[in-house]
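Number of protein chains: 2
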Amino acid sequence: MLSKAPRYWDDYEVGQKFDLGSTSFTADEIVDFARHYDPQSFHVDADAARQSMFGGLIASGWHVTAKLMRLFVDNYVDQRTALGSPGVDEVRWLKPVRPGDTLTAWVECAGKVPSRSRPEMGIIHEQWQATNQKGELVMTLKGTNMVRRRPV
Amino acid sequence: MLSKAPRYWDDYEVGQKFDLGSTSFTADEIVDFARHYDPQSFHVDADAARQSMFGGLIASGWHVTAKLMRLFVDNYVDQRTALGSPGVDEVRWLKPVRPGDTLTAWVECAGKVPSRSRPEMGIIHEQWQATNQKGELVMTLKGTNMVRRRPV
Chain F
1 MLSKAPRYWD DYEVGQKFDL GSTSFTADEI VDFARHYDPQ SFHVDADAAR QSMFGGLIAS
61 GWHVTAKLMR LFVDNYVDQR TALGSPGVDE VRWLKPVRPG DTLTAWVECA GKVPSRSRPE
121 MGIIHEQWQA TNQKGELVMT LKGTNMVRRR PV
Chain R
1 MLSKAPRYWD DYEVGQKFDL GSTSFTADEI VDFARHYDPQ SFHVDADAAR QSMFGGLIAS
61 GWHVTAKLMR LFVDNYVDQR TALGSPGVDE VRWLKPVRPG DTLTAWVECA GKVPSRSRPE
121 MGIIHEQWQA TNQKGELVMT LKGTNMVRRR PV
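Taken in sequence, the protein lines are chains F and R. Residue 1 is where the first sequence starts when you use the UniProt record's numbering, and the numbers rise one by one after that. Residue 1 is where the second sequence starts when you use the UniProt record's numbering, and the numbers rise one by one after that.
Simulated from the structure, these hints should not be mistaken for laboratory data. Careful: at least some of the hints might be erroneous.
What the hints assert, rightly or not - Where chain R lies over chain F, by a calculated footprint (3+ residues, C-beta under 8 Å): (1) 34 to 41; (2) 57 to 69; (3) 80 to 88; (4) 122 to 135.
Stated by the list, open to error - Quick partial rundown of chain R residues pointing at chain F, CB under 7 Å, derived from the structure: (5) Asp-38; (6) Met-69; (7) Arg-70; (8) Asp-89; (9) Glu-90; (10) Val-91.
We put the beta carbon where it would ideally sit given N, CA and C, even for glycine.
If we strip away everything but chain F, and leave its shape as in the complex, we get (with noise of 0.2 Å):
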């Protein structure tokens, strides 16, 4: 939980490790999803799903990053000092995610470095874990996030 003073880069140390909550997947959210952004069968068509690999439905990788943000920034995420992010990397999707999962997400701070070229600011890194509802860790993402410094 963010506390009520404002959360600078400064304040951030390596290897604590902050709760995201929790995100659950309906069908037709999944279905929902994919129709607009990832329409391969095993996404949108659930006969279609039974019978390939993965035998049903599953949510796009994209859908499952996406709500994964969304706990980002809701319980994460400090919008007064947030200056965005240039990229991420390694995001690996290890399980399929299903109607009716439940995923548990948080993150670490991996990392943190000041900017070379705007000193007003200073990069986070962090590695992102979800599990689902077994305890199998169905995603990982390493962010990088730019994050205002405390002001002197």
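Got chain F sorted already, so can you dock chain R onto it with the hints?
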């Protein structure tokens, strides 16, 4: 464009480029995606976005990625041979995407390796790139896809 014969792992050639076509962003769509998945103020609130370092509303990086995924599925993936993806690497959001922007994207086959554990499939690595209407490089990504091999 896909030929009418199924496109197997065996048919991919390293260095081949594929046009993915174009996709445009409206303010409504930017805000709608972000309200669901990335409700940071510079993605959902035009007034707050004007006061931010971005000077106006910008699309969530995850929205940009999802819309490029749609182009990838519509214009590159052969669903008869596609077996999903274990993840992606080096997602880079290089320039903000704003309402009215049109992105044009392509992928290059960057590598192919047989699967060690599953002889019926192989791995394809792709480099994604997208430029905006000014010709600026906006996003890059290294993708990995599992593709069925030609039956022997």
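Hints versus structure:
Counting residues of the stretch 34 to 41 of chain F whose beta-carbon sits less than 8 Å from any beta-carbon of chain R gives 6, enough to reach three: the coverage restraint holds. For the stretch 57 to 69 of chain F, the proposed coverage by chain R is satisfied: 7 residues have a C-beta within less than 8 Å of a C-beta in that chain, meeting the threshold of three. Only when three residues or more bring their CB closer than 8 Å to a CB of chain R does the claim for the stretch 80 to 88 of chain F stand; here the count is 7, and the claim holds. Counting residues of the stretch 122 to 135 of chain F whose CB lies closer than 8 Å to any CB of chain R gives 0, so the stated coverage by that chain is violated, three being the minimum.
Hint status for Asp-38(R) relative to chain F: holds, with the closest Cβ pair at about 5 Å, below 7 Å. Because the closest C-beta pair between Met-69(R) and chain F is about 5 Å apart, less than 7 Å, the hint holds. About 5 Å separates the beta-carbon of Arg-70(R) from the nearest beta-carbon of chain F, less than 7 Å, and the hint is met. Below 7 Å, beta-carbon pairs count as interface contacts, and Asp-89(R) has one with chain F at about 6 Å; its hint therefore holds.
A cut of 7 Å between beta carbons decides the hint on Glu-90(R): the least distance to chain F is about 6 Å, and the hint holds. Taking 7 Å as the C-beta contact cut-off toward chain F, the hint placing Val-91(R) at the interface holds, the least distance being around 5 Å.
The structure fails hint 4 only (numbered hints given earlier).
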